Amino acid sequence: MKKTEFLTFETAWCPGCGDFAILEALKETLEELQKNPHEVLVVGGIGQAAKTPQYINANGFEGLHGRALPPAAAAKIVNHKLTVIVDTGDGDSYGEGGNHFIHNIKRNVDMTHFVHDNQIYGLTKGQSSPTSDLGHVTDFTPDGVNTHPINPMVAAIGLGAGFVARAFSGDKEHLKSIMKAAINYNGYALVDILQPCVSFNKVNTFAWYKKRVYNLDENASYNPTDKAAAFAKAMEWGDKIPTGILYIEDDQSYVEKVPFLKEAPLVDLPVETEVIEGFFKEFM
Amino acid sequence: MDFNLLIGGAAGQGMETLSATFSKILQKRGYHLFTLQDYMSRVRGGHNFFQIRFSENPVKTHRDEIDGIIALNTETITLHLPRLAKDGFILADTDVSHEDSRLLKIPAKSLAKEAGNPKVSSSAILGALLKILGMDEAHLEDILSIKFKEDIVKQNLTAFLSGYGVPEKRFEEPTLQQEETMLIQANESIALGALAAGMKFYSAYPMTPATSIMSYLVKKSKEAKVVVEQAEDEIAAINMAIGASYTGVRSMTGTSGGGYSLMVEAVGMAGIMETPLVIAEIQRPGPATGLPTRTEQSDLLFVVHSSHGEFPKMVIALRHPEDAFYQTTRAFNLAEKYQIPVILLGDQYMADAIRTVKPFDLSKVTIDRHLADETPYREGKEYKRYELTDNSISPRLIPGRIPGTMVNADSDEHDELGNITESGEVRNAMVEKRAKKFALLQEEVLEPEYLGEKDPEILLLGWGSLHSPLSEAIDLLNQEGTTTYGALVFGDIWPLPEKKLRDYAKRAKKLINVEQNYNGQLAQLISQVTGIRVHGSVLKYDGRPLSATEIQKKVKEEAAL
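Protein sequences, first through last, are from chains D and G. The first sequence finishes on residue 285 if you use our numbering, and the numbering steps up by one all the way, no holes. The second sequence finishes on residue 839 if you use our numbering, and the numbering steps up by one all the way, no holes.
Keep in mind that the hints are not guaranteed to be accurate.
In silico BS3-like cross-links for lysine-lysine, where the CA-CA straight-line distance does not exceed 25 Å [said to hold, decoys possible]:
no., chain 1, residue 1, chain 2, residue 2
1, G, 503, D, 282
2, D, 82, D, 263
3, D, 263, G, 497
4, D, 107, G, 500
5, D, 282, G, 302
6, D, 82, G, 662
7, D, 107, G, 498
8, G, 498, D, 258
9, G, 498, D, 263
10, D, 282, G, 500
11, D, 282, G, 497
12, D, 282, G, 498
13, D, 107, G, 503
14, D, 258, G, 497
15, D, 82, G, 636
16, G, 662, G, 732
17, G, 302, G, 427
18, G, 636, G, 302
19, G, 397, G, 364
20, G, 427, D, 282
21, D, 282, G, 659
22, G, 447, G, 364
23, D, 82, G, 500
24, D, 258, G, 659
25, G, 425, D, 107
26, G, 500, D, 258
27, D, 36, G, 662
28, D, 282, G, 425
29, D, 263, G, 306
30, D, 263, G, 500
31, G, 306, D, 282
32, D, 36, G, 659
33, D, 282, G, 383
Just so you know, the hints here were simulated from the structure itself, not pulled from any lab data. Just so we're clear, the structure is a prediction, and the values are computed from it rather than from any experiment.
Turn these sequences into a full structure, and let the hints guide you.
Dropping the structure here:
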């Protein structure tokens, strides 16, 4: 397929960064889903991954560090005809934005959250991230990380997310198939995308991931609607790391629960002055 | 008649219902009224009271001296007796123990029991009160049916009539005007203003004393077709409101000082993104948790200077419920005209006070969205979200409408297209572009309201909710006839309107700022912007509202210095 619609831009990323593969996969996914760029909104926070809205021809909202999810959720509530994608990093999503991560699972607005998870802080030059493994030596943890990493898959399933998946930037076709399923999912969809940071993470390299990841979606006996099985898979991390859709469950999304949004997107609803005037009378 | 009634007791004793019912009766009879609420940060117990001042003439503010007390417990009498007028009265149930010739006992609980429900005792008290005040039972059943569930309306009515029969009439009801009024709090006025302005999205985190804006909006959400979202924290609340505004609806958030402290980074984002936003900041005494249910005006300088970096914002101090309604509608127009955050400053005193006002007039409200004409972009013109224009205001489009046209918003410094840049040249252009909007705002601001004698010797300076006590204090001071007084009460406060201030300051002998804070923040702001210095200050920071008589007394002391 010819990639034209979502265009190519000069980036500020390091050569060899996993971000490139994720961006390419995202563009191809959107084109294959036949999305119109002007009906797509890409929201980022701050960080290297969070620069994604800059590098794709779609509506873009580059917010504050850790705060990508709240404006994205609001945008979808205001115009549910938009395809809303949050594309940002592990620090933005699980660190600075942790509270929003928790509560947007609860809120269940129909949007897709792609987390570029390289287990390190890139833009601030190599500090540990919420997902850094125990013992990982960084400038800020010279004796190795001594706090447990957050497992976003376990957290998301535990908090009640309806679509929880992990992908690897080094397997573009699989990544794209997960992206498609996530965008098509009606509700909050989390895709944690493992990717190397070529500049600052010398432990979790491309080869490190490549050796460990395996494709869960090819395993016909795995049932992603079985929550207990999903927890077991979500906890698998070490010599083997599962990628694919770990958990999926149908649920009503936020917009479907607001009765008047069935008429039209909020942005298209008129102001009904006679209704407001009726409110005045209640004070008389 | 100018009557001041206090209803006091512990939280949970039903004061709120009693006060609301009596207020509604007064309004329906044609009185003007002003109800002050004083409550503690607890759900049960403690001491809470309402002060209802009413008259056949407009009532501007609360008053310290009390003409009548309804004591739901003994503590109410001990606490407020020093303020009771010599010829005042106390109404209480028979179980309240106090020796005073002014005490009138009503066997409210036993009358309630006779009416078939021990819980309706406050209606017996209400009956006695209306009798004393020379009022008949008109409107009563209608009002009781609004305030109570169907099955207990009758019991309340029975208890009311029994109570009505107990005391003697003491007052003759004055002649009342039958013009219609609204009985409303400033926070409800803000909420109505937002709805009238076409606001479609409100996200907030509950915080006293701002919560009642949200609770009103929640109640009307379905009818008005407005999304009201209780966010996980104030940071999410403001970021959601900005996201909603970017996507094309009028949006708003509201909080008090503590919540606003959490929001400030995003206030700067609205500034650099040039995304319209209206924020209600309803002040309470700080810092940190401070006095959660009490009043102060100590966030002025914080709000004016809130968020790092330089960007234009507008701050409007709300003066009273009517002002709150119209200024809220105006705030939305200004936010969209200049693509800036506009902050409405209220406070607990005004937020919780309930008063009669002239009904709001929707025909005075305009909705000017200031969105760019889509036609040229539909015909292929390149869209630049941050286009450098002559007046520095860029064309704003709603995303998702025009094929091939993208709308970018960026919290990083950006070029005209909204792409990140570190170019010094572009940076200068963008800083100057945003700064120029501040210059336009300086032309836009409304001058403060002037109260008092034409050429005053003493000029008082105040802002926001002090409009109410100041307007009465100025009358009291001028009635004394020795010195002439006037007051400038600021509504628009940032950018600071300077014309009237410079004019009056030149002619007055002494300038005295009257504020509910320790540092005299308005005086500091005035001095910073204009170099004008005050000669004296009346400042209060115990969390209780300044009254007109308090201002009168303290201003005279300062003026004499």
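Quick one, are residue 498/G and residue 263/D close enough, alpha carbons at most 25 Å? Status holds; Cα separation ~18 Å.
Decide if the proposed pair is consistent with the structure: residue 82/D and residue 500/G, CA atoms, cutoff 25 Å inclusive. Holds. Residue 82/D to residue 500/G sits at ~21 Å (cutoff 25 Å).
Is the Cα-Cα distance between residue 82/D and residue 662/G 25 Å or less? holds, 23 Å
Compare the distance between the alpha carbons of residue 36/D and residue 662/G with 25 Å, and conclude whether the hinted pair is satisfied. holds, 22 Å
With a cut-off of 25 Å on the C-alpha distance, tell me whether residue 258/D and residue 659/G pass. violated, 39 Å
Under the criterion that the straight-line Cα-Cα distance not exceed 25 Å, is the pair residue 282/D, residue 425/G satisfied? Measuring from Cα to Cα gives roughly 16 Å; hence the hint holds.
Within 25 Å, alpha carbon to alpha carbon, are residue 107/D and residue 498/G? holds, 24 Å
Could you grab the alpha-carbon distance between residue 302/G and residue 427/G and see if it respects the 25 Å cut-off? holds, 16 Å
Does residue 636/G sit within 25 Å of residue 82/D, going by the straight-line distance between their CA atoms? violated, 42 Å
Does the structure keep residue 82/D and residue 263/D at a Cα separation of 25 Å or less? The hint holds at about 12 Å.
If you draw a straight line from the CA of residue 397/G to the CA of residue 364/G, is it 25 Å or shorter? Answer violated: residue 397/G to residue 364/G is near 32 Å, above 25 Å.
Holds or violated: are the alpha carbons of residue 306/G and residue 282/D at most 25 Å from each other? It holds: about 13 Å lies between the C-alpha atoms, which stays within 25 Å.
The structure is inconsistent with the numbered hints 15, 16, 19, 21, 24, 25, 29, 33, although it conforms to all the rest.
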